[in-house]
Structures are given as structure tokens and as C-alpha cells.
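Work out the full structure: start from the sequences and follow the hints.
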Amino acid sequence: MWMLENAFLIPLIPALSFAVILFFGKRVIGSGRVHLIGITAVSLIWVLSLVAAFQWTQRVEHPSSDAIAQISVDDHGDDHGDDHGDDHGDDHGDDHGDDHGDDHGDDHGDDHGDDHGKAAMHSESGHGGGHGSALISPVVTSYSKWWSNGGVDFAIGTHVDGLTVLLLVVVASISLLVHIYSTEYVKGDRRYVHYYAFLSLFTAAMLFFVMAQNIVQLIVGWELVGVCSFGLIGHWWEEKPNTDAALKAFLTNRVGDIGLLVGMIVLWGTFGTFSIDAINTAISASPGTQHFALLVAACCLMAAVASKSGQFPLHTWLPDAMAGPTPVSALIHAATMVVAGVYMIARLYPVFYDGFSIGTSSINLMAFIGGFTALMGAGLAFAQWDIKKVLAYSTVSQLGYMVMALGVGAWTAAIFHLFTHAFFKACLFLGAGSVSHAAHHTFDMRKMGGLKKFMPHTYWTFVIATLALSGIFPFAGFWSKDEILLGAKVGQQSGYPLMLIFGCAVAFMTAAYMTRVVWYTFHGEYRGHGHPHESPKVMTVPLWILAGMALVGGAFNLPGPVLKPFGLEGLAHRVQTYAEPSVYLSGLGLSHPDPSLSMALIGLGLALSGIIVTYLYFWRNMGPKGLTERNKYAKAGYTFLENKYYLDYLYNDIIVASIKKPIANSANWFNQNVLDKAVNTAGESARDSGRWIYKWIDQGAIDGSVNAAARGADTSGEGLRTIQSGKVQNYGQLLFGAAAVLAIVFVIVI
Amino acid sequence: MEATGFDAWVLTLAVFLPLVGALIMMVVPKAYELEVKLIGLGSSLAALAVGIYILFQFDYGSSSELQFVVDKGWIDIINSRYIIGLDGLSLPLLLLSLLVVPLCLVYSWNHVPSPGNPKAFFILLLILSTGMNGSFISQDMILFFVFFEIVLLPMYFLIGVWGGEERRYASLKFFLYTLFGSALMIISFLALFFLSKDAAGNPLQTFDMRLLTDAAGSGIVKTTQVWIFAGLFIGFGIKVPMFPFHTWLPDAHTQAPTVGSVILAAVLLKLGTYGFIRIAIPFLPEAAVAWAPWIGLLAVIGIIYGALGCLAQKDMKRLIAFSSVAHMGFVMLGIATLTDFGLNAAVFGMVAHGLITGMLFFVAGSIKERYHTLEISRLGGLLKSVPRMGWILGFATMASLGLPGLAGFWGEFPAILSAYNPGAGLSEELFRTYMVIAAIGTVLAAGYLLWLYQRTAFGEPTEEFADHAIPDVSRNEWIAWVPFLIGIVLFGVWPNLIFNLTDGVVSSITANVEAVVAGR
Amino acid sequence: MVAQNIAFGIISGIVVLSALRMVTTRNIVHSALFLVAVLAGLSGQYVLLAAEFVATTQVLVYIGAVMVLFLFGIMLTKAPIGKSMQMTGTQWPIAAGVALMLGAVILYSLLDQFGSERVTEGGKIYRTADVGDEVFSTYIIPFEAISVLLLAALIGAIVLARKD
Amino acid sequence: MLLNQFLILGAVLFCIGVYGVLARKNAVMVLMSIELMLNAVNINMVVFGVQHEVVSGQVFALFIIAVAAAEVGVGLAIVLLLYRNQTSIDVEDFDLMKG
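Heads up: the sequence lines are chains X, U, V and H, in that order.
One point on numbering: in numbering that gives the first Met the number 0, the residue at position 736 of the first sequence is 735, and numbering is uninterrupted.
One point on numbering: in numbering that gives the first Met the number 0, the residue at position 43 of the second sequence is 42, and numbering is uninterrupted.
One point on numbering: in numbering that gives the first Met the number 0, the residue at position 39 of the third sequence is 38, and numbering is uninterrupted.
One point on numbering: in numbering that gives the first Met the number 0, the residue at position 82 of the fourth sequence is 81, and numbering is uninterrupted.
Hints should not be assumed to be uniformly reliable.
Unchecked claim - When the alpha-carbon atoms are kept at most 30 Å apart in a straight line, the in silico DSS-like pairs for lysine-lysine are as follows:
no.: 1; chain 1: X; residue 1: K694; chain 2: U; residue 2: K313
no.: 2; chain 1: V; residue 1: K162; chain 2: H; residue 2: K97
no.: 3; chain 1: X; residue 1: K536; chain 2: X; residue 2: K451
no.: 4; chain 1: X; residue 1: K186; chain 2: U; residue 2: K383
no.: 5; chain 1: V; residue 1: K162; chain 2: X; residue 2: K726
no.: 6; chain 1: X; residue 1: K726; chain 2: V; residue 2: K77
no.: 7; chain 1: H; residue 1: K97; chain 2: V; residue 2: K123
no.: 8; chain 1: X; residue 1: K694; chain 2: U; residue 2: K367
no.: 9; chain 1: V; residue 1: K162; chain 2: V; residue 2: K77
Calculated directly from the structure, the hints in this document are not laboratory data.
Right, here's the structure in full:
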């Protein structure tokens, strides 16, 4: 279990890579070769995170070693406190490494001995049911004192459990692919070095965030990924829109950070500790005792989630953030950073579960925000012509889906969706980047079309990812989306009907708008100029890898019944088994719904109908005759069978148009004119009120009163000037007179 | 307790070496310019060397005790003594002050602003250094007051002679404002002298801060305490500067020469907050509890107000000056909580603000030197024309808006955190409201700083400067800036460097406050 | 003691009257001469107080030296000798008021404070030798300072009054 | 002898001196009035010396006389200089300091 206890190495490597690239990149290494450093570092952490994931699975499979490991971990923490409490400096990274190696060589051996002995038994008894297993798999924490202040100790360390290693694998994998992809995509860029430096820094920050041991580290990592996002959105800072977008992203996130700071402080104030493990344990040990404080904390943290994960009403920055380079959009604004909010909810799930009463309610703030965001994002995706913006709204929508899932208590489904979504959304973004790379750096779909024949690799990977996103069997999205819908239907003690409706609608809409994108981009006639060409291998290989994950990603959490025919029931619900922190959640009484075939069919049906409807719509544009024929087949059972234009009318003017025109546009209008305007107005009015206060209060009242005092002195001086005759004797008269008067006063007083 | 041998001399050396250097410079003829400068730099570096010696010699195990104490007769007739000593609270500030002056000398080596005369410029900086160093180690109120006032005069001349267009107005405003505060402060000192009583009820009649700290305002009725505190509050509050007393700051900063601004931001403002922690709160704990809600209120008003003020500025230097108001608001909020946590945060905030805002002023000064303007709308594309400076500005901006991992965050975040659980006798609801307001202030901080950065560094250079070849960061600038940059990162990554030092002192202060509150 | 009181009364009368005339007479030379009378009278008062050396010095320095200086001053500035209407300024009523007010408050304070306290009688009488001892022992530094002051005044007066 | 008789004499002379300083136009006469005031102080010095049986009173009276002599010397020199430059010694003519 060495990797789990020394997980701090994982963020350290890209951090070093960042420093090396930044300080030696241009001079020593050479601008054209800095990606080697970045890729090496990220490959290394990819391997390490796989090792960590493997060791975690071992740990879960053989829980008998938990007790031993737990003790050794505790010792470990203490050791650190003693050894490093005083002299932590720049070198504490090295010290860590050495110490760990020495301390744990022995424990390690012992653990293994036990593990192997009991392996078989556990694998049977533990996971036979496929779900609802009450496996207690304590997290591995190791930390040392970072700083202390007024009797409060702040620790720095790692908190490794299934959720952590899952995110580790996701971040490392996508980061690696994006690093490779970028060598071609941003080749020759003026700030190639800075680009790779920031990618490394982002990776480091994200990993640091993911394995934060305490909430202060969460805040630190949260802010650091934010600033990397700022730097990368504004990568081409010569153009004002890019810097505007970067500023908007950072400031919107900062608004959420108010909630983050306050929420975390409330948690600290309530539980008197910063440790995530301790907070979660405390809540799950006695749920409900701190309900009000948790409600406040959860509401505050929800604001942070809304800003970082693009939830209504703070989502507006995310589409603008597409001003950054496309690989960055894939890595940061689709797959990893924006899920930080979702991750935080999952990480501190007891807080939200208790705070929002997820277990007992049938609607709550988090579920509603998530569901509404999902619906709204999907609607907005119809109205966009910029391919990246469609994908951005799609991301907003899918993040809403995850938040909604967490809101209805479907923890595993949300994390599973996070996992699958990361791959297919990264694939879509990189695909869009590939398209733009081919078609003269435009993202406008009206200037694309017909690219299918020019760039088959891009086309097929894009289609696979689209199907995955739409939730078509057997692609990854189908399994995760299905679990979310199921979770919304079943809920905990009561179902979440509204969320179910939202979820279904979104499933339909997602399929529809993605089909639209595929149509405009790859089918029809090429509407741009020049000769589009397929991207080089260094770009298509990452696409195929991601597409592969989009294809098979669902296998990581297959429900039991599906596997039963193959006799592989033991492999069901792997994500749930490994990732779910049942040590916390079991105390809350979180339950898992039974797999439901009907629900899966409904979800699939919605997605398919979305695709079909859109497909028909665009096909009609291709040739009315074909559409008519098709209509006759497709709508054979309908009473308006003869009236071909009626369907046309229905699709075109009622369903599509109503989605496309009034709903999407009004949503867009609302987005642009109300929310965005509110943000802008808030900014402007803050500036105006700043100006006003500066002019009237600061310069007018406060400074004015100071100046008025000076002026008063001046005028009174003018008046007194007449006394200044310049004649000595007048002065003498005043002097002696005043002395006499003073003397009289003294005589009278004393 | 008193130091012996060489240790008895180190603090005196650290304080007066620059003054000795200044005196030597005075007798060297102006024509020997290089020699004059070398003497100045040498003496300030010697003082810094003494500071580093102190750093190694300091007993970190008992950082709450005064060390290197010297207690000699001075003005016997008013029972004022030459008492100096150093504890964990003074050490970081003394070192900051010792560090900043030689860097400022290096920075202005070849760039003494108009009207030139490096000899006088250097001499004034060295005298300033003596005043600042002395203020941080004095343990006698009259001695403190003398050093506190020594600081004023060189600053007045620095602004008034080497300043910008409106220098006369600004320097006079600075001088009179601070003097007004000092007048109230000395009255409060005298009141403390006459009214303080020891535990047995005998009048103390002393200016010795150690004794007054032990007395903790015993023998003074609460109403009187509140009034005395008011005098100290205005005296120190002006220096900080707190919200309604801040108007001298933007003018002084805007008009001052670069190093003047740097020293003003890095050290001078800290005299006010240091005074609160060292003098006002421990001497009059009861009054401090009575005043704390108001201090907190003014602090959060300052945070929001300073930020809004920044949003309205057109001049870069003025914007940075206003940001000082906001940042010192966080420091004051930490102080107002009267918890050891908050006071620690305040000290950290002081050091962090000193480094970061000092850095920002350095960059602003260098921009002014190259572009001859600081009007934000005329600048732009710094990253393109002077990339290194643009990066440094970006770094300082990020540090200033409180990015974790850099020093600014550890001043802000613990200050906000401390407001959640204010000290004994303070209203939790009130301070939690302050906490939320302060958190909102961080957003505004990000707003104005990034807005500044966007307008100045991003984009293309404006047309009027597009064709000019503008030199990037020079060697002297690197020498002056690198310690600042290292400090910002170092304290950001390892905040315990400061928290460890100050913790002992402030916990004894707050323990005192709590004991007094509980006892009455 | 009666004799002394009588002497005091007579001398005081002369002194006060002379002083009043000195500040009111229109003839500047007369004024100077009245000042001589005042100074001489005061010298007498010192004798009454058994301060012989002060009395002697008063006569030597003031009447001997200072008055000659004044008369030279009067001559050199070509002051109109003889009656002159413009010896007193237009603001003399204010001056008189101030002086009276000052006098009143001092008198009140004196009467209030010292009432009928008597001068110590039969105490040690300090002779010239005692004064000399004191001056050259306890007050040696002030004495030296005074001598430097006089020298400085001498040089200063010459520098100022030189014609070129 | 009452202590007060000397003190009152001194006070009266002092006030007359004040009147002289404030009212007289001729600079020389102003100087003379100052001498009067100094002498008034001298009486107090001497009488208090007697009263407290110390010699300091007389010593200080002597010092005052010496200082007065110096003052007259410098004062008259200044008056002379004024006269030479302005051909007037009327103090009302000098108002360069008028504000």
C-alpha cells in the first residue's frame, strides 16, 4: 500500500515539472522540447495513479488488513508531526519520501501476508450481492503539521480513498492525452513554454485538490486550479475577448469562493477540525445532530459548486471560457476542473446529505439546481453555432446531471457519470479541436459540413463519443445516465419525481442537440474554404483512446443482472464497490436502488427518439421526398399518417421550433440579458458606486472635511490678519494683555 | 533577563548603524557620489547583517519573551528609560524593515528621482530606517514615540522634495495628519503614565511597556480606559490607515517617489497595526473589548470601501494605494477579533502586505520611469513590451488578491476564519456578519486587481508606446525585487515561519485580555 | 525698624513718581534723567535689604555705564531734545489698560499670597565676600557664560554700529 | 518690614515699565522702559534672597544686571542701525512684518 500512503508524490511530480519548465524551459531545454518534460511527468503520474488504483482495489478486496493499516497510518501521522513539525522547508518533499520508505517497509510485508491468506473468502462474501455491500474500507490518510496558529493546527497531507484514486486516474489519463495532443495543436505557438508550464501546474493543483487531507487544502487546490484556468483561458491575451473571458471565469469563481470560504469556516467552527475524514466521520456517527449548521454550510458550499461546476445561476462563465485553446477546454473546462465542484460534494457528502436532508426529502436545493441546470444547459445547446459552445453547454448540462444525481442520493451514479463523462466529453472537445485544426481554425459550424469524408478518424471518434453522451446502449453514457435516472426515480426514502422528469427531458434533448452537431459538422456539403485534411496521428491516437473509453467505460459499473448470464456477477458495480466511501455513507443510511430494466429502456428510448427526431428533421432538409417516405414508415400507426406536412409541421414548427426558437432563445435571452446582465450590471454598478463613493464620499465628504478644516484655518487667518499690524507694540499689547487675562483666569480658578 | 556581552549591543546596532552611516555620509563631500552611496548601502547592509545575526541568535523556544533586552537610564526626570527588546512579534517586522531599506537603496542606485541629489536621498532613507527599526524594538513609550516621530520627517522630505506634481499638498497632508494622530497618542501615553496602578494599587508612573502590559489597565476605570483607547485608536488608526482616516494615504502614495511608496506600504503602515497589538490592546484590555466591534466595523467598511475605491481609479499607483486600505482592513479585522488566531493572522497579514504591496509599488514605479505615466487607460500590453515585468506584475497581483500558496492568502483567510469565533466578550453574530462581508471583499479584490492587470498587461501596447523600445527589468531591479518575490512564495508555502514566531506573544496578550474580561 | 520703614516709604515714593514721569514726560532727556532717579532709588532699597554689593553694582553699572550709553544713544539718533508731542503713541490708552490690568492682578495675587508676611529679620547677612564666594564656586559656569555673553554683546554691538 | 512692600514696589515699577514699552514711540525710550522692568524683577530677587536667607538672590540680581547691560548695548546698536537706515527710530514706523 506504499503508493496510497505516499500519494503526495503524485502532485509533486507535475509541480516540479512546472518549475523546471518555467525556469529552464526557454533557455536550457529549448522552447520546442518542453513538452517532453510535461509528458514525462504526466506519464509518470499516470503510472503512479494506476498503481494507486490497483493498491486501493487490493485494499478493498482484503479489508482484514485495515486494522493494521489504520494503526500504521496513525503512527505515521504522529511520526510526521514530530519529525517535521519544526523544520519543514523546501526540502520536506524529500524527507517525506525517505521516511515513508523506511517506516513502511515492514508493515508492507505484514499486510501482504494477511491479505493473501484471506483473499478468497472476502471476494465471495463481500461482493456477491453486487450492490449494497457494507464494506468498510477506511481511507488512507497521512499528514503532518503544516502550520499552527493560536492552538489550531493546520495539516498538510493526503487523503486517499476510492474516490481519490478514481479522480487520480481520470485526471492523469486525460492530462496525459491532452499533453500529447497539444504537441501538435499548439505547435509553434508563441507561448508554447508557458502553455506547458500551466498545464503542468494545473495538473499538480488538480491532483493536490483531489487528495486534499483537509478542507484548507481543498480551498488551496480549488483556488489554484482556478488561477490555472484563468491563465489558460487568457492564453492568447492579445485579444480582449479572451482576457474578458478569463476575467469573467475567475471573478465568477471568486463569487462562489465566498460560499466556499464561509461554508468551510462554518464546518470548522462546528466540528473544530479541518480534517475531511474527521468531519465526515463525525456526521455519519451521529447524523442530524448538527442539522442547522450543516444546512448553512451546505448552502454556502453549494454556491461554490455552482461557480466552479457551472451550475445555474453561475454557469455563464463556462461557455465564455472556450476562448482558451481547445485542449485546455477538454482538460479543464470539460473533464477535470469543472468537476471539482461535483467532487467536493462527493467528498463532503455527509455534509450535504445531512444539510439538505437528501435521505428524507423528495426535492431539495441541490437536486433542483442540478436538474434545472441540466435542462437549461441542454436547451441552450440548441441555439449555438459555435461547436465548442454547444459542447460547453452540454458540459453545463451534464454537470447539472451529476449534481442532480448527488442531490437525489445517487452518489455512485454521479461519480460513475463523472468518470464516463470525462472521457467522452474530452473526446468530443479534442474532436472539435481536430475539426478546427483542419478547417482553418474556425469553430463556426456554418463554415463546416461534409467533413466526414476528409477526416474519418475524427468523424468516427466523434460519433462514438456522441452516442456515449446521448446514452445509447452499450456506450459508457448509457450505463451512468441510466443509474442517475434510476436514482432519481427511487430516491432514498421517497422518490424525486421532478428530477426524474428533468432527467428524462435532458436525456432526450442531449441526444437531439448532439445529432445536430454531428449533422452540421460532418454531413452535408463543405461550406468553408480551403481544403480540410485529417489531423496527424499524434492527435487522432488520443481521440481513439478516448473513444475507446467512451465505448467500454460503462463496464466499470455494470449492474449485476447484466453480467449474470456470463457468470461474472462478481465484477458488477466495481465503481460502487471501490469508490464509494461506505465508511461514511453507511452511517447515513444511504441505500442503492435495484437495477431496473424498464428504466433503462425508457432512458434508451428517449435518447433514441431524440436522435431519430433530429435526424429526420435534418434529413427533410436534405430531400423532402425521402422524408415523406420515411415518415410513412415511421409514423405508420399515427392517425395523421396521410398528412405528411402535418408531421413536418409538428417537428418543425412545434417541437423543434418551440425548442429552438422560443425556449432556447428565451433561455438564451435570459442567460444573456438577465443573468449575464446581472453579473455585468453588478460589476458595473460596483464600479459606478465605487466611482460615486470615491467622488462624493471620499473626495467630497471625508477628504472634503479635511480640506474644509484647512480652509477654515485659512479664512480665520484672513480675519486674524488685521491684527498682524507688524508693529511691535501691538504685539506687546496682545502679549501682556493675554498674559494678564490668563493670570486673572488662573487667579479665579485656583 | 537582560542581555550581556555582544548581545546587549545587537539591537542598538541594528537601529543606529544606518544613522551612523548617514552621519558619515553627511561629512563626505557631494562630489564623491559613489563613495557616498557605498557608505549608505554598506551601513544598511551592516544593519541587515546584524538582523541576520539576531535571526540566528534568537531563542525560538521562548519567542514570547523579550530577548536582547537593554534597560538603561535615559530621561530620569520623567522616568523614561532606554528599554529595548525583541520578541516574536517584533522580529518579523524588524527584519522586514531591515531588509527593505538596502533593497530600496539598490533600486534607486542610479534612479534617484528628480531633482536628483542622491546623497540627501540616501541620508533620508537611512534616517528613516533608524526610526522604523527603533519603533519595533522600543519597550518604553517615550522611546517608541520618539522613533515613531523620527519616521515622519524623512518621509515628509522624501515626498515633498522627490515627489510628483502635487507633492507639497501630499507631503503636508501626510505630515499634519500623522502629527494630529501623534498628538492624541502622546496624550494617551501621558494618561497611562499618570493613571496606571500596579496590582497593589500604587501608581506606576512609568513608561515601561513591560510593566504597563502586566498592569493591563488596572486602576483605571473603564470609561477612562475607553477614552484613552480612543486616543491610541486615532493615533494608530491614522497610521494604519483605518477607514475614515485613510485619505492621506492615496495622495501620499501617489505623489511619493517609488521607494518612498514602497517603504510607506511595506513598513510605515505596519507601525499603526503594530501599535495596536503591542500597546493599545495589552495596556487597555477592557477598552479593547469595548472598542473591538467598532474596530471590526471600520475594518470591514475599509475592506469593501477600499475595494470600491480601487474600482474607480484611473491611476495605477492610486489604485494600489487604495488596495492598501482594503488589505489593512483584513489586518484590522484580525486584530478586532481579539483572538490569538486573529492577531497571528494580523501579523502575517502585515508582513504579507508589506512584501506584496511593496512589490506592486516597485513595479508601478518602474513602469512610471519607463512610460512616464501610470494612467491605466494609456498603458497596455506590458506582457508584450516588457514581458518579465508583466509577469512580475501578474505574480504580485495574484499574491495580492490572496491566491493560496502565496503570502497574501495566509493573511486574509485566517483573518476571515478568526471572525467566526471572536474573543471573549464579543458578539458572535456581529463578527460572523463581518466575516461574510470580508469574504465578499475578496471577490472585489480579485475584481479590481484583475481589472488592473487586464488593462495594463494584457492586450497590445497602446499606440503611443507601440513603437518605443522599452527596456525590461534591469539588473538593479532584479536585485531589489528577487528577495520580495522569494519572500512571497516562501511565506505562502510555509506560513509557519511567521506563525511560529508570533504565536507565543499573541497568546499571552489574548490570555491577558481573557483574564481581564473574566475577572471583572 | 521704623526708621527703615520711613526710609523705604520716602524712597519708594521718589522711585514710583520718577518712574511715572519717566514714561510720561515728553522730553527724552528728562526721561533718561528720571530713569537715573529710579535706579538710584532702587540702589537705596538694596541697601535697606542689606545687599550692599548689588547696590554698589547698581550704581556703577546702571547709573555709571548704562545711562551714559542711553544718553549717547539719544544723541546719536538725533532725538528731538526738548518737548515733543510725539513721544507717546496713539495707542497709549490700550497700553495703560493692559498695564493696569496686569498691575491689578499682580497686586491681588501678592496681597492674597503673602498678606502680612514679614521680611526675615536678623538672618544671616551676606557680605560682598560671601557673594564673591558664591559666584566663583556654585555659579562659576553661569558666571563664565555671562562673561562670554557680554563679550559677544560687545562684539555684536560694534559690528552692528559700525558705519560701513 | 513687610515682604509685600517690596514686592508691590516691584510690581508697580514693572507695570509702569510695561506701560512704557507699550506706549512710547521712541525706541530708546522703549529700551529704557525695559530696563525699568528688569530692575523691578531685581527687587524681587533680592528680597526673596533675604527672605529665604540665601545668597542666590543677590547673585541672580547681579547676573540680571549684567545681562541688562549686554542687552542695552546690543539694543542701542540695533536702534542706531535702524536710525541710520530708516532715519527714524519711531517704533510705529516699523511694520515690515505686517501680515
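### Message
So, against the hints stated earlier in the document, which numbers end up violated here?
### Response
7
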